[in-house]
Amino acid sequence: MMSAKGSASHVTSQPVALYARTTDDYAVAVALCLGQGTDTAWAPVLSLPGSRIPLAPLQASPLDAAVVNGGLFDANQWNEVQQRWFRWQAPRDFVAPMRWYLSAVWPKVTDWAEVAPVLDRCLEDLAQIPPVERAGYLAERFGSGRPGGAVMGYGDAQWALPAMLHAKLTGRPFVWFDTPEELVAAAGTDLPYVTVCVPSHQMTTELTHALVEARSFRVNLPRVSNLAFGARPLSFLTARTLEILTRVVAKQHQYVQAPQERTTWLFMEDAPGKRIDPGVTLLTRTEGDAAHVREQQGDLLMMYGHSREDIFYVGRDLICGASHDGAAEGRLPVCAHENRCIREGERIPVWELPAKALFLNSCSALRLGGGSFTPAYTMGFSFLEGPGNLVVASSRTRYGDPRELILMYHLLRSGLPVGEAVRLVNNALPFAGAESPDYLVLGEASWAPLAPLPNRFSIDMTESAHGWQVTCKEIDAQFIEIRLPSMPAEPYVSIDTDLRGVDDISFAVAPEPDGSVRILVFGWERLTLGRLDLRISFRKPAADTLAALATATQNLAYSKLYRSYAPKIKNLEDELRSQGTFMARQLNRARYQPSAFRTVEKKAAAVEDLISRMNGLLCEYLLDKVSTSSFILTDQYIEHDGSFHVAEHLPADGSCPYCNSRVLRRLVRHHFNPGLGHEVHICVLCGNIYDVPIGGSVKPVLRGSPVLVRGAEETREVLLRNESDRQVRGWLGFRLYQTKQYGVSVDPGMIEVTLEPGEERLVPFTITVGDKMPAHMEFVKGFWVSDLDIAYFQCSVWVVPDLMAASKEVAR
Amino acid sequence: MTTTLHAIPSAEARTAWVGLAPAERDERMEWLEERFAILGPVEIQIMGVPLNNESGLEWIKACREKAPAEWTEQQLLFLTTLWWWDLSQIGFTELNQADLSFSDLYSFLRDKYTVYAELAGCADRRPPESVFDLVRALPDLRSQIEQTRVRCFTINGATWERRERFIPWSEIQVDTIPANVIATLTGHLQMEFPAGGGYKERFSQLVRNLIDRGTNPAEVLVGLAHAGASDPVLRADYAIMTCARGPKLDQPWTLEYEDIFSYVALRPGFEPGAQGIRLKPHQIRNAIAQRMRYNASRRAKQYSAVRTERLLAQPFQFPDIAVMEDAYQNGHQAAGIRFTGRAPFLLEVPVDGKRVTWKGLADIRFNRASYRDEDRFTFNELRLIICYSLWCKTVAETSLELGVHLDKKYGLNLPGQE
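Residue numbers (the numbering used here), protein chains in the order written: chain L, 1 to 812; chain S, 1001 to 1418.
It is possible that some hints are incorrect.
Unchecked claim - Short derived list, chain S residues pointing at chain L, Cβ under 10 Å: (1) Ile1008; (2) Ser1010; (3) Met1047; (4) Gly1048; (5) Asn1052; (6) Leu1095; (7) Leu1105; (8) Arg1110; (9) Gly1157; (10) Glu1161; (11) His1188; (12) Arg1372; (13) Asp1375; (14) Phe1379; (15) Leu1402; (16) Val1404.
To be verified - Among the chain L residues that face chain S by a calculated CB cut under 7 Å, a handful are: (17) Trp85; (18) Trp88; (19) Arg92; (20) Pro117; (21) Glu124; (22) Glu287; (23) Ala291.
To be clear, the hints were calculated from the coordinates, so they are not data collected in a lab.
Where a beta carbon is used, it is the ideal one built from N, C-alpha and C, also for glycine.
With the hints as extra help, turn the sequences into a complete structure.
Below you can see the structure in the form of structure tokens.
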């Protein structure tokens, strides 16, 4: 017997399946089967009289014949256990599962009256142990040491019978709980593989969710911190009926002994030119019909397309989720009412598919705890009525992505058990796209359905400023796994090696409970490469450019004003939007596709240049405006645009950078986009010293003497400090207010400056005050235009007729 | 979600027994012995060791002679089961056929608490952690339930197993007296059935009218038995009416057969031979009626002040439906008692100027002499049987209230057919 991880038991031949005609006989057979040694020669299933569920592919023989003929077990033993089964129905009309289980696995029972008190004490002890520790206690008590998992359940006691048999056949302890609360608490165990059995009629969406949560952890990153990530594998051992569940257990026992090779991908999209592994048959949209599906003999069927809980659409045809039995009550599909299908095409009952395992990358195919229809029309449940024994699917509508299917395949092909593969795929979902963890496993999580093709590669890693440099060599693997010790931010992967078909290579990010993260790099087919250089970055590609683009895009809200300043802006806005869309799409792809990372980086310069051109146009207009005529920036928002208003008067402070006087501060915000706005600073002496974007990173300050000598050429500096954590780039300039008419000039007229995070820089300008300039007080008005944000600054200067007057003014 | 740890029943039990002073312990065991002695058939296993009424008494006697520390695990469990049964007032025979263990017994009691709490409208109340606290809480909860529901049982006559159920009083339409019942009574009594009012008013008036006419009200019970035996809903083969006639109700433990009315009506056209019953109809009627008189007189022994008499008593009963009633009892086999539906009723009567309530002295029961599964009585039918019992109760109590004992001829076998 091939057992779950942690078990040491093995058998060399197929066990005999014996079918019981009553649940009572099945119960007795389960107890006798539990009493077998590590080599399980036979296992029971249930086949009720009149049942429409075929026994195939199990080759089962009647249990009653085995009782009569002997050989597999002793008939006296059968009678003794049978008497106990019936007697123990009293007084509650059911046999307490844990009592039945322990009596069956109890070693060497010769005198039941002697064993009974000891067993009773064991049950009392068990009840004292916190639920989460009970599986470990039983494993220790009955000698298997720390197990590789546990089978646990709650609900209708008859359903405990296949569950305890499954535990035995997979070499794990069995625990049945009195309440769902205890079961949920127990599911939090740190044992690797937990298989939960709850009768389908007692399973609820709330219980499903609670069990998933119990085996989850959180990732402390803002975008995903509310999601439950799988800490350890979990699967659900349940079915539409008890009879079907008994078959699942027996089939599982049979299947684990012969790992599968063939896989079919039913991929209801186009996939031109994609290369896939030799053992895979790929059906794309063009082959999407019932005839092609019927030809497939894949042991593992993986489907990507549109579905509801009872239907998977295959072109004009469909795979139907109706059970053998159908149903007469509850919410029913059209076939139950009118003997026709919702679709005209050919219908393939899901239980006719020859596959043993089914992966459904589609909507609502596995509703364990209540669906739109009765369980007789749940695709996942009905699949179990044929050769199928394991379903991985979601209970809800989903966006889905084909890479989920591809990654799942590679994980399984490398030999991972399905529970672990699903855990990794689930955990990777939030980092790759719109989805969040939702795949459930119906069946046994510790089963590795595909014969393993191990991963082979060497890896060399070096930590860098924002991530890691990774070199992989001699790659022959389903996927490359890179384990990083921590994940300070969401990682991105780029490939620095020139490759053909690089667009087909993807990566997945799967966080782990210990804070580490697995980066899984994979293609459509098995990777065979001599070398692959990867860059793993915890920053987005071209992060500063993207931040500038984000700010500039947001500032298109000022479009009405900006277009009136510079007509060219209108065309450039369209270009900015277009480039923004392109970058956003690439950025989405960069979450899973290394080639997109490089594309974003390459496109960044063009985006920056575009924003720079727009900034320059605005700055040029504003400087010209203030040098020639009256212009108050705040009025522009409130009066000319009209969408802004004074939203708040802030506390005054004494921080005028020029005179240290009291400064009034006001927030001017957009009425309907209140995140957008400016902070206006009014010095009681100097006037409107600032009108800068809320949260802006640069507040320019004019440095140097406030006195200018008429006819002289003087240097003044503007102090810029980048208070943000990213590089900023903008145009800077200033003018003496309305003095162009007097021939006052500033050189350079404006200048583009790039500032690194935290950088402080003095930018020099030469002011030439002509002879016509009246000796008078005047304003210097300047602008820093960055990312389509305008930061206005102002100070007062005194123009004096000569150097003597200047010295007096300076002294003042 | 939260989980609670369970009690350790065996440890709690041993501590409790050891903690009792010897005299107190002996007194308790004597009481438990008396209660156990009057139980109906008991057949259980105690951790794999069989126990019945006789061996149970021997176990108690043996334990009374030893300190609890010397008891075996099985003895400790049995004595504790008795103690918890006494405190919880569960039906001991609900445990019949069980192979008791502490953990199983505790689960049974906890389940009982959970069901009771839900029916009593306090489903969020969690069972006490101590088993003693838990069993002490059960009677109060049950009382709350019984304010709105009737406590009933199902019984398996082959295994002596019984299961408790509660039927809401609101589902028992006692004021709706079916036309077939009225027609049968009218025919039997040759008197109009009073119209208007509830069932109490109508049956009381009927009794008064009969007494005024000089007819003994026992004839109403006879009429109801015949109505029951031909009731299209109940589809019974026998309807059996039993009630203390009136004499000796100040000392019911002294009741003798002739003090107890019992009447058996057979379904018109019923042929015992066709059902494999060897007795003739009149033999069936006499055998059953006499047994009913015996049972009622035995139940009345519970009121005796003499312990040795009480030890001979039969237990009181609740409304029940039973199957395989002929599995063991020769009398049942002979008379074709197979599927039954029974509804005992209290007699609330004036005794020496005071109102007294007696249990166990009256009931109505129906029997189907069939072996077909579909002829098992259902709880829906038990609702109607309870209606019959309440109609009978009104008749008997009104008659006794008016100082008229039920006709003494119904305390005797049918004349000329013995």
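So, going through the hints one by one against the coordinates:
Because the closest C-beta pair between S:Ile1008 and chain L is about 5 Å apart, less than 10 Å, the hint holds. Evaluation of the S:Ser1010 hint against chain L yields a held restraint, the C-beta minimum of about 6 Å falling below 10 Å. The beta carbon of S:Met1047 comes within 4 Å of a beta carbon in chain L, closer than 10 Å, and the hint placing it at the interface holds. At about 4 Å, the closest approach between the beta carbon of S:Gly1048 and any beta carbon in chain L falls short of 10 Å, and the interface hint on this residue holds.
For S:Asn1052, the interface hint is violated, since its Cβ never comes within 10 Å of a Cβ in chain L; the closest pair sits about 14 Å apart. The criterion of a C-beta within 10 Å of any C-beta in chain L is met by S:Leu1095, whose closest approach is roughly 5 Å, and the hint holds. At a threshold of 10 Å, the smallest CB-CB gap from S:Leu1105 to chain L is about 9 Å, leaving the interface hint in force. For S:Arg1110, the interface hint holds, the least distance from its beta-carbon to any beta-carbon of chain L being 8 Å, beneath 10 Å.
The closest approach between the C-beta of S:Gly1157 and any C-beta of chain L is roughly 15 Å, which is over the 10 Å cut-off, so the hint fails. Of the supplied interface hints, the one on S:Glu1161 holds, with its beta-carbon coming within about 6 Å of a beta-carbon of chain L, less than 10 Å. The beta carbon of S:His1188 comes no nearer than 42 Å to any beta carbon in chain L, farther than 10 Å, and the hint placing it at the interface is violated. The beta carbon of S:Arg1372 is not positioned within 10 Å of any beta carbon in chain L (closest approach about 20 Å), and the interface hint is therefore violated.
Using the Cβ-Cβ criterion of 10 Å, the hint placing S:Asp1375 at the interface with chain L is not satisfied: the shortest such distance is roughly 22 Å. Annotation: S:Phe1379 was flagged as interfacial toward chain L, and the flag is violated, the nearest CB pair being 16 Å apart, outside 10 Å. With 10 Å as the threshold, the beta carbon of S:Leu1402 stays out of range of chain L, its nearest partner Cβ sitting at about 45 Å, so the hint is violated. Interface hint status for S:Val1404: violated, as the beta-carbon distance to the closest one in chain L is roughly 45 Å, over 10 Å.
With 7 Å as the threshold, the beta carbon of L:Trp85 stays out of range of chain S, its nearest partner Cβ sitting at about 11 Å, so the hint is violated. About 6 Å separates the beta-carbon of L:Trp88 from the nearest beta-carbon of chain S, less than 7 Å, and the hint is met. Because the beta carbon of L:Arg92 sits about 6 Å from the nearest beta carbon in chain S, less than 7 Å, this interface hint is met. Hint on L:Pro117 holds. Least Cβ distance to chain S is approximately 4 Å, under the 7 Å limit.
Taking 7 Å as the C-beta contact cut-off toward chain S, the hint placing L:Glu124 at the interface holds, the least distance being around 5 Å. With 7 Å as the threshold, the beta carbon of L:Glu287 stays out of range of chain S, its nearest partner Cβ sitting at about 48 Å, so the hint is violated. Using the Cβ-Cβ criterion of 7 Å, the hint placing L:Ala291 at the interface with chain S is not satisfied: the shortest such distance is roughly 50 Å.
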